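Using the sequences plus the hints, can you model the full thing?
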Amino acid sequence: MGRGAILAATGAAVCALLLGCGGSDELAKADFVQQANAICKKDRAEASKKLASGPGEDISLAIATVLDKEANEIGALDGPSDEAGQIEAILSGARKAAEAIEAKGDFTKAEAPLNEAEKLAADYGLNECLIS
4 MGRGAILAAT GAAVCALLLG CGGSDELAKA DFVQQANAIC KKDRAEASKK LASGPGEDIS
64 LAIATVLDKE ANEIGALDGP SDEAGQIEAI LSGARKAAEA IEAKGDFTKA EAPLNEAEKL
124 AADYGLNECL IS
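Counting from 4, one number per residue, gives the positions in the sequence shown under the numbering used here.
Hint data in this document are derived by calculation from the structure and do not stem from the laboratory.
Each hint can be trusted.
Straight line, CA to CA, 30 Å or less: simulated BS3-like cross-link-like pairs of lysine-lysine:
(1) K122 / K52
(2) K99 / K72
(3) K44 / K107
(4) K45 / K107
(5) K72 / K107
(6) K99 / K112
(7) K44 / K32
(8) K44 / K122
(9) K53 / K107
(10) K122 / K53
Model, not experiment: these values are computed from the prediction.
Encoded structure:
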């Protein structure tokens, strides 16, 4: 093997190991859950701070807004492809719950879609993404 071939092989190995060149950016489930929970924790803290700052935003609207925002942010993560269906069900459930809350104007009147969304999130380990 010539010196050029050795350098090329070494460069490719370093690239693959350190930089992930040519590989997938797909997250393992544990990393996906960790990042999704961090998103929910951050968004919920921001919403709580906004609600605590005084009158203005309705709590039901705040919940709907947070659910939709989280679904979009978590949806932008590159989750495990073998669990894409389950992840999509979680995101879809959150969006449906947000839509139901907005349509009814009161999160307590949108219990069925909200409970379903929470069950899906809890079953997947997204504990920071639960309303209750």
